[in-house]
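Novice: Chain by chain, the residues:
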Amino acid sequence: MERRLSRRMFSNLLVGGGLLIWLGTILQAIFRYVIPPASGQVGSLSVLAAKTTELPPNSGKIVRYGSSPAIIVRPPGGEVRAFLAICTHLACTVQYRDDLAHIWCACHNGHFDLFGRNVSGPPPRPLEELQVVTRGNEFFISKRA
Amino acid sequence: MKTQNSKVWQWFEERLRISEIVRFLSHKTVPRHRYTAWYYFGGVVLFLFGVQVFTGILLLMYYTPTPEAAYESVRFLVGEVPFGWLIRNTHSWAANLFVLACFCHMFSAYFMRAYRKPREITWLTGFLLLGLALGFGFSGYLLPWNELAFFATRVGTSIVSTVPLLGGYIGETLKGGEMVTGLTLSRFFGIHVALLPLIAVLVLLLHLALIQRQGMSEPISQQHHSSQEEAIPFFPHFFLREAMVWLGIMAVLLALSILSPWELGTKADPFASAPAGIKPEWYFTYMSQALKYLPGRILLWEGETVGIVGFMLGGLYLLLVPLLDRGAARGKPNPIFTIIGVCIILFMVVMIILAYTVG
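Chains as they are written, first to last, in this note's numbering: chain P, 249 to 393; chain A, 2 to 360.
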């Protein structure tokens, strides 16, 4: 009796285990399929952001940096800086406000100073700063090393 | 003629045994008491779901789910296709009324303690259906690919990404990458027209089957006041009254669609700044508005993480209320659950009003 039962248990285990492995393999493939692969955006991507004539003092411009928006700003009397234009609160695209002379997010009224630091509103962190290199009369932006 | 009718009847009867269905319907009753009117909301949800499926199929005939063509296809549908504007407006308005009816149905069931034993699974499937209704709203909002929807989706998927542990993966899987792009549109389209309808139909059938199996719940306070003799026969009495409600809803829906058309706005530009006044649909504004009032950091955590965890706990409470409110099953309702329910509704209403007045 005991022997017959263990044989049944063995076959149950074999069939059940095989079914579980089969199901796991299928689910694993589906799971890996729906998670998007890395965008392949290289860290050293350098992008022409603006020409000097396009960026007068006290202005900013949204540009494409890989698949993300970036903002390049020229304060009234300071050096040109660039940041990823994604608000650290809930990922809206920020903009330069010439009346306030700083960066602003319209979605939830978040304010960032010209160093990208969160100074008021709900954003919890500063904007991610990008490196600006001037070549002739053109500004190029890239990720900081 | 009569003989012909009876022949047709006989033909179907032999194959489908319709008399059993008729017998079942003639025995089905709806309890009669002072809260009977709230029972109509279940049928209203069902009716509006039907409207959504019907108008959704019609919209599919012209809609193109790519970032280059989505906005233009909706503009063509609204501007050029005969009655295209009516189909789109009806779909948009019915979506809002559908979610509203889901909330009314859920809260009426909550206050009547319809979740109590033995109807815990019916409550669970109803809660799932509300989640699916919100999922329909969220995924459908992006499809016209306009500026407002684009940034509202950026905010919405960001909120999902804030969920501790798995939020980042879920957010990226929803978007199809780090940002909201054409891949997000493809995914949302697939979710909206295939995945969610499939799950919703299955859960809806289970929900309805459970109601048929267990009968309609009566509020504890009315159990001794209503009797089987006073109950309303479902067919044709309750069914015809429900049909009148459906006609009323249809009239309201058409009036809204004609008098208050749904704006298309401007086409989304993923590399433009977000405009002021970005708002999700009203049924998400209580969340976005509350998150707006939270500071950047609360103790060790980011403000929005605390807010999201709070909303998740609120959802978990509603999901598990049949297990928490044990007294209701014994016929002893605890007023604390009524107070919590009223607080949840007040919070939602106040936040929605603030979102549309203060901004």
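The hints are simulated quantities; they were obtained by calculation from the structure and are not laboratory data. It is possible that some hints are incorrect.
From chain A, some residues computed to sit far from chain P (all C-beta separations above 12 angstroms) [unchecked claim]:
(1) 27
(2) 126
(3) 216
Below, a list of computed lysine to any residue pairs in the SDA-like style, where the Cα atoms sit at most 25 angstroms apart [what the hints assert, rightly or not]:
(4) A:268 x P:323
(5) P:391 x P:323
(6) A:280 x P:316
(7) P:309 x A:29
(8) A:29 x A:232
(9) A:268 x P:354
Even for Gly, the Cβ is constructed at its ideal location relative to N, Cα and C.
Novice: Are the Cα atoms of residue 391 of chain P and residue 323 of chain P separated by 25 angstroms or less?
Specialist: Roughly 21 angstroms separates the two Cα atoms, so the pair holds.
Novice: Has the given pair, residue 268 of chain A with residue 323 of chain P, been kept, meaning a C-alpha gap of at most 25 angstroms?
Specialist: Violated: residue 268 of chain A and residue 323 of chain P sit about 30 angstroms apart, past 25 angstroms.
Novice: Would you say residue 126 of chain A is clear of chain P, with no C-beta pair closer than or equal to 12 angstroms?
Specialist: 24 angstroms, holds
Novice: Verify that the Cβ of residue 27 of chain A lies farther than 12 angstroms from every Cβ atom of chain P, and report whether the claim holds or is violated.
Specialist: 45 angstroms, holds
Novice: Please confirm whether residue 216 of chain A is truly not at the interface, meaning its C-beta sits more than 12 angstroms away from all C-beta atoms of chain P.
Specialist: Consistent with the label, residue 216 of chain A stays out of reach of chain P, its closest Cβ about 37 angstroms off (over 12 angstroms).
Novice: Against the 25 angstroms threshold, does the CA-CA distance of residue 309 of chain P and residue 29 of chain A hold or violate the hint?
Specialist: Not OK: residue 309 of chain P and residue 29 of chain A at ~67 angstroms, beyond 25 angstroms, violated.
Novice: Does residue 316 of chain P sit within 25 angstroms of residue 280 of chain A, going by the straight-line distance between their CA atoms?
Specialist: 22 angstroms, holds
Novice: Starting from residue 29 of chain A, check that the Cα of residue 232 of chain A is at most 25 angstroms away, please.
Specialist: Holds. Residue 29 of chain A to residue 232 of chain A sits at ~9 angstroms (cutoff 25 angstroms).
Novice: Is it true that the CA of residue 268 of chain A sits at most 25 angstroms from the CA of residue 354 of chain P?
Specialist: Status holds; Cα separation ~18 angstroms.
Hint check: violations occur at hints 4, 7; the rest are consistent with the structure.
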